[in-house]
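Next come the chains, spelled out residue by residue.
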Amino acid sequence: MSATSPLRCLERIGSQGEGLLAYLGGLGYLALDTLKLTALGIFVRPRIKADETFFQMIRLGVRAIPIIVLVQTFVGMILAFQLSPVLDDYGQLDKVATVVSVAVFRELGPLITAVVLTGFAGAAIAAELGTMVVGEEIAALRTSAIHPIRFLVVPRVIACILMTVSLTIVADIVGTFGGGLVDRYVLMRDPTAYYHTVLDSLLVKDVLTGLIKSGIFGFIIVLVSCYEGLGATRSAGGVGRATTRSVVLSIFLIIAADCAFTAMFYFLW
Amino acid sequence: MPTTSEPVLELRNVQKFFGERQVLKDIELRVAPGETLVIIGVSGCGKSTLLRTIIGEEKPDSGHVFLDGEDACCAGPKDLDRIRRRFGILFQSGALYSSMTVGENVALPLREHSDLDEKIIKMVVKMKLEMVGLRDFEDLMPAQISDGMRKRVGLARAIALDPEILFYDEPTAGLDPIATGAIDQLVIDLRTKLGVTSIVVTHDMESAFRTADRIAMLYNGEFIAVGPPGDFQNPTDPRVRQFVKGLADGPIPLRLSKTDYLADLMGTTADAP
Chain A
11 MSATSPLRCL ERIGSQGEGL LAYLGGLGYL ALDTLKLTAL GIFVRPRIKA
61 DETFFQMIRL GVRAIPIIVL VQTFVGMILA FQLSPVLDDY GQLDKVATVV
111 SVAVFRELGP LITAVVLTGF AGAAIAAELG TMVVGEEIAA LRTSAIHPIR
161 FLVVPRVIAC ILMTVSLTIV ADIVGTFGGG LVDRYVLMRD PTAYYHTVLD
211 SLLVKDVLTG LIKSGIFGFI IVLVSCYEGL GATRSAGGVG RATTRSVVLS
261 IFLIIAADCA FTAMFYFLW
Chain B
4 MPTTSEPVLE LRNVQKFFGE RQVLKDIELR VAPGETLVII GVSGCGKSTL
54 LRTIIGEEKP DSGHVFLDGE DACCAGPKDL DRIRRRFGIL FQSGALYSSM
104 TVGENVALPL REHSDLDEKI IKMVVKMKLE MVGLRDFEDL MPAQISDGMR
154 KRVGLARAIA LDPEILFYDE PTAGLDPIAT GAIDQLVIDL RTKLGVTSIV
204 VTHDMESAFR TADRIAMLYN GEFIAVGPPG DFQNPTDPRV RQFVKGLADG
254 PIPLRLSKTD YLADLMGTTA DAP
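Going down the list, the protein sequences come from chains A and B. Throughout, this note's numbering is defined as the position within the first sequence, counted from one, plus 10. Throughout, this note's numbering is defined as the position within the second sequence, counted from one, plus 3.
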């Protein structure tokens, strides 16, 4: 037993790694299919369903606006609270605006929005598609020669990416505003100074890298949740499992991608 | 019945395994145009797997499925879609799209596969729903109607594109006798009026006798009897007789477990003798 256990351990690591690779491969195939069908849908028939995409945008994104506004206000306030004593030590209290806005636009706006949308949109998509698998609806689509990826995944992918990016813009502004609240009412400073410092410190690069990342996060959320939903086993437990897995895996992949892209932007841009 | 003409559906040596278990053993089947073939058998005998293999939802491990002379197993996605456009399927649960109304469900195949005007589509939807007696239910959601009605809507959707072949998975299971009779009548009408070929999977003997041109009984993954309904009125094969008459005692065991009951209860694992 003891002689084999290191080997076993290695074996388990190997099989876990293989599982992860296979999973990422599956996601990759779905991504390729989706991109292909999206491109086809833009240029040739059958066209992308505009009304369905619009409906999904409302369903997946618009309903998340209140919660994102609330969460991001808190995030901006927390940043200002946490950083003002440190900045005060250095006599740099006027830099609260800089630190909050750069942190929110570059990192926290995209990230927190993506995490909230994972719970909102990702869980909803996984549960919905999983239920459709259970009810044989996906089989019914396939056998009536309607491609489930074209019919179900493509509108959701477009809607989810568009909404993640749009909501990130909202989140960026609201988060910076949250920091401004603390600056004005707790630190008792001039709001116009805060406003001008924000405009002065933000670079186009800060805004753009944040939005590019948020688009990628949106793609991860919708891809993982579609993959999990369509792969759900035909039972009520299967739908629950798919939903949980899609949330957990999306958050993991979002943060991993965040790390990778942030590093890339750091070195390249 | 014209059995000499080219078959619409042909299965050659179809085998299917789930792990170690062989679910379909060397299935051979030919269905002539306009024929109604009813496949009967006990639960778990491979009926649903057979149907899923024919419609391309499962790939056979060996053998071929020909639909109108085209090999559906080796067809690429495009060809498979073209073949699939010519057949309709009624799923056991109806498999309605739960996010669409009854009318939208029936309209979907038309919207996706035809260039028909929206006005014409609306008309066709009404006609198909009228055929299953549910014309006034167009605007309801699938969750708001009963199981039996969902199944009838599923049938309306299956015939939306006027298919040449129709597959029914347990069309009458869970329906009241009147609805059962209505579905049976619809199967017969589609055959006589439109010449639709039907493959019905069921364990409802009464409806099998009513609708079938030919009955095939599947047992343990193979056909043990194939013939006109008359052959099944007083069958000689004891297994067929047990099924048709619905007898609890006979060669077909009710208990499917292969391990010894007593040994299993006592926790000592021993295989059945």
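Check each hint, because a few of them may be wrong.
As the list claims (entries may be wrong) - Computed footprint of chain A on chain B, listed as stretches where at least three residues anywhere in the stretch have a Cβ under 8 Å from a Cβ of chain A:
#, region
1, 47-60
2, 93-100
3, 105-119
As the list claims (entries may be wrong) - Among the chain B residues that face chain A by a calculated CB cut under 8 Å, a handful are:
#, residue
4, R87
5, E167
6, K261
Derived from the structure by calculation, the hints contain no laboratory data. Please read all numbers here as calculations on a predicted model, not as lab measurements. Don't be surprised by glycine CBs; every beta carbon is placed ideally from N, CA and C.
Consistency of the hints with the structure:
1. Only residues whose beta carbon comes within less than 8 Å of a beta carbon in chain A count, and the region 47-60 of chain B has 3; three or more means the coverage holds.
2. For the region 93-100 of chain B, the stated coverage by chain A is satisfied: 6 residues place a CB nearer than 8 Å to a CB of that chain, which reaches the threshold of 3.
3. With 4 residues having a beta carbon nearer than 8 Å to a beta carbon of chain A, the region 105-119 of chain B meets the requirement of three or more and the stated coverage holds.
4. Proximity of R87 of chain B to chain A holds as hinted, the smallest CB-CB distance being about 4 Å (cut-off 8 Å).
5. Interface hint at E167 of chain B: violated, since its Cβ lies 14 Å from the closest Cβ of chain A, which is beyond the 8 Å cut-off.
6. Interface restraint check: K261 of chain B against chain A, minimum CB-CB distance 24 Å, threshold 8 Å, status violated.
Figure legend: structure checked against the earlier numbered hints; hints not met, in rising order: 5 and 6.
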